[in-house]
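Protein chains in written order, with my numbering: chain A, 1 to 543; chain B, 1001 to 1507; chain C, 2001 to 2104.
Just to be clear, a hint being listed does not mean it is correct.
[As the list claims (entries may be wrong)] Not everything, but these chain C residues come out facing chain B in the computed CB check (under 7 Å):
(1) Ile2039
(2) Phe2053
(3) Ala2075
(4) Glu2076
(5) Ile2083
[Said to hold, decoys possible] 20 Å max Cα-Cα, derived EDC-like pairs, lysine to aspartate or glutamate:
(6) B/Lys1165 <-> C/Asp2097
(7) B/Lys1162 <-> C/Glu2098
(8) A/Lys132 <-> B/Asp1279
It is worth saying that the hints were derived from the structure and are not from the lab. Backbone N, C-alpha and C define an ideal beta-carbon position, used for all residues, glycine too.
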Amino acid sequence: MFTIFGIGPLTFITFLPLLGMLILLAIPSGKDEKTKETSINLLRWVTVGITFIQLVVALLIYANFRTDLVGVNDPNSFQFVEKVKWISVKGLPLFGDLNIEYFVGIDGLSAPMVLLTALICFVATFSSWSIKKAHKGYFMMYLLLDLGMMGVFVALDFFLFYVFWELMLLPMYFLIGIWGGPRKEYAAIKFFIYTLFGSVFMLLVMIGLYFSVGSFNLLDMMNPANFKPGEIFTGFQTTWRLVAFVALFVGFAIKVPTVPFHTWLPDAHVEAPTPISVILAGILLKMGTYGMLRVAWPIFPEAVAYFNNYIAFIGMVSIIYGALCALGQHKVGKRDLKKLIAYSSVSHMGYVMLGISALNSNGLTGAIFQMFNHGTITAMLFMIVGVIYDRAHTRGLDEFGGLANKMPVYTGIMAIAFFAAIGLPGLSGFISEALVFLGAFATYPVLTVISALGVVLGAAYMLWALQRMFFGKLPERWSGPWDPTGKEYKHDDINGIELAALVPLAIVVIFLGVFPGAVVNLMTSSVNHLIEIVKIGGQFAGM
Amino acid sequence: MDSLLSLFIGQYVADLKRSLALFAPELVLATAFVLLVIVDLIFQKSKYITGVVALLGFAVATIFMIVSPANTSFGFWQMYVFDPFSNFFKYIFLISGFAVVLISFFSNELNKSDRTMGEYYTLILGMTLGMFVISSAGNLILIYLALETMSLSSYVLAGYTKEIKRASEASLKYVIYGALASGLMIYGISILYGLTGTLSLFQINAFLTQYQGPVFPLVVASLLVLVGFGYKISAVPFHFWTPDVYEGAPVAITAYLSVASKAAGFAVFMRFLKAGFIDPTNASEQVWTMVSSIDWKFIVAVLSVLSMTIGNFVALWQTNVKRMLAYSSIAHAGYMLMGVTVMTEGGYIAVMIYFFTYLLMNFGAFYVVQLIANEIGSEELEDYNGLGYRSPLLGTAMAIFLVSLTGLPPTAGFVGKLYIFQAVINSNMIWLAVVGVLNSVVSLAYYAKVFRNMWLRGVDSNSAPLKYSIYAQLLVYAFVIPTLYYGIFWTPLVFWAKSSVMMFIGK
Amino acid sequence: MLITNIPLEFYLVLSAILFVIGAVGVLTRRNAIIIFMSIEIMLNSVNLTFVSFSIYFGDTLGQLFVFFVMAIAAAEAAIGLAIVLALYRLKQTVFVDEVNLLKW
């Protein structure tokens, strides 16, 4: 393990945003127009700098990551581990010895997510150029959100995990609520209450597990031998264990979100500013499925066996329902491109659920890879919407047409993202979807065949949107330059800052379409190990 | 015979001497009370001198608290109890006392030119003295006296701004509800006296271990006594005074009532339950056995669920921030009652931890409300629009306090809730824990309204920024920093509560 | 004739009746002065209970309590009337149902 200034890489990458926040706090806001402008630019570039260092550290971690170590429930094969006592109280009546550790480390499940978080946070900073008010607060909240997300992916202590999980709610609330669209208040509080509703049950399960195991260590909770006799979660497929699994599942499923917990997502996405939509789709949604694989699956493997059919079914429903809703955006009167992409997220996260439920190497690898790919592809899609929305101040599907001539570079980038979202071979989305279907077909052939319909629907709504917006005739109202004063946009096409956000993602999407091994190899051994744990744990349930 | 009498007198004097030494903090408060009256007579012009003297009184009392030897014993012939449990609450009262005096210094509504502030600080001291006594009282006479000392002072304090209509109205409602509650309570005490022939909690306990008579009068008497405590902690259904008084009273007093007065109510209620109704020979740390057949667990659980649910749901409709916080304080009484329901040492520890965190965040929230009211002259939710941009410090602080009140990490409020839920789950009352967490989700809905108005609305308004003196700002930090600090490193808090849970029960 | 020739129950029932009258008075009367009078009735019924128990037990504790209750009742009445007076100056009324600025 390497260190940075004597600090472990995971601690460094997680708490670097805190340093960034302090720096931002110290930047004066400026008196007149000119100094104000300088101050805002300073805020932007400091954030870019912080997230860039994060990305570099993430790449260093990637370079030093050993793919042969399995992790998941084996404390000895986690990497970059740091373990410090955080709260330690001995001999408390009722509670016994209370030990909470600052315990971080990564394995094949979390390594791709850490990489994804660093990447998306970095590129989303560039799309934050479109933020027009209260810059200081925005970038501070942005970094706080970054901290919370990174923390969730590296935490191996349930308590720490929970703290990071909740830490992220408040900045997200403000980011949607202050810098969002017209119905921002509604969207923000809906997001907040929905997620809190899910996580309070997680809190109860966490406390119950703590009493059953005697520590908050996630890895301890995964070993059935650690459960003390007579405690609430001790045993095999007891009612309480199944209830606890459902509670955890609902908590995570709200975040994913799967049908029927998805209703907050379209609202949040439509109202959130572009960079926040990017983060929401790119990272936050992954926390749900990641939480399932990190917490719920290995701790309650026999409950997975018990509920797996339902989980696969939920995955299938999410795929089809999300796709149909997205297709519904083409109806007259709705026609919001951002909402279309939001619903496509529901559909694409359904693939992840389906892949997880396959419980074989292909399916699970596909699921995690799909998490990564959906993160990059949807991030691109939201940025693309942001680019056009910033210029036209509308994103109705039928209000555009023929943009290909007006904005050729933009159209090129857009095409990569759209085709990757459809799952065109040669782009990253194809590989993960194919793996998911391959895996899921072995376990649930019928559900998989129905789910494959989602791909067809996906192609339909994406291509239709593409055709409506980029081909055909340019409407009269957009014939002139976007910004007649020429202050904001000097030419019609996409500008440098926006390209800085989109191009890295496009490269990643194309690269992973050709060399998927770069990410897939990270997770293979952990995925196989996780499947083994779940299968062994579920054996008695007749799997 | 003569020698026996002199022996008795000798013992009595020895006990008195010993007790008075331990009673020093209360004596200091009483002295400061008298001193304040005199100081007020001499310095009639100055507004702050009496407050400073009150602070000095608190400081000296704190010193005596610290230097007094750790002691768990009776004092004053079983009337009084010295134990770590009462000390914990006395520190809570002292911290709140400091806080309320300091907050009052920065209150515009209190420090009007034509108002004398001498009685105000005098009464705060009197109230604190009552709280000190009630947290140590081992006898129902003393409990009643201390409760009334507290109540009588607080009636006047609630209406101290007597030219404001709603303050006088709040005061009137407070005194009527208070008198009714204390009337019911002493009627209960009188029945309890008739049943047991004693007023000492410890003798009642001893009596109940052998009690074979009818349960009904005992239940009625206990429930009537419970009315008095329930009224102090403002638990539903004894809460009717709370919203009115909290809205009408000066903010500093509202904060003091919501924290210290509630703490006193909890201290005496917890002692009443444990000293009076727990079998002391069989009180293991994990489970307490009750000496009577009254199902206290059920009664307290019902109170708790009612308080949480009604407090939170009614708060959803409030448009006045003070009134909303009043309902939130009812809900918090419900959360804390969850810890009492458990009826174990662990549950009591959880309540004590919760109280400390509640002190920080609730005082903080009310202080911010007061500072805002100083400048904009309103406590209405609508007038809070865009305040976050006019005063980023207050906006941020308020958001932190409210998040803490909701119980989200990494704030102190989360730690309090965590321990309460741990205690409840460990005693297998999972339904109660579920009600509790659902209630905290509901509470988010109205707490969020405040920081929604402060930050999400009026972003572009160019109203003048709010200006506060450096001292007023420092006091905000004094509440914010511990709220965050104890949310991350709460080990000392748990140690303190753990070492303080030991309650002297006469054995 | 000794006081104890009358059974204890008589005193208790009397005081219970007085207490209920007082409590109902507090809850139903609109005039603040009468409310305070009702509270006094409640407190005095409590005193009666204490005294009678005290006599029958041959124990002075109950009578001791009565002194405290009387002292506190006086203080409570004084404060209560002072508050009523303060309110009367503002609103020219002593009827509690006309004091209705604060409502949920």
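Results of checking the hints against the structure:
| no. | hint | in the structure |
| --- | --- | --- |
| 1 | Ile2039 | 4 Å, holds |
| 2 | Phe2053 | 4 Å, holds |
| 3 | Ala2075 | 6 Å, holds |
| 4 | Glu2076 | 6 Å, holds |
| 5 | Ile2083 | 5 Å, holds |
| 6 | B/Lys1165 <-> C/Asp2097 | 14 Å, holds |
| 7 | B/Lys1162 <-> C/Glu2098 | 17 Å, holds |
| 8 | A/Lys132 <-> B/Asp1279 | 67 Å, violated |
Of the numbered hints stated above, the single one contradicted by the structure is hint 8.
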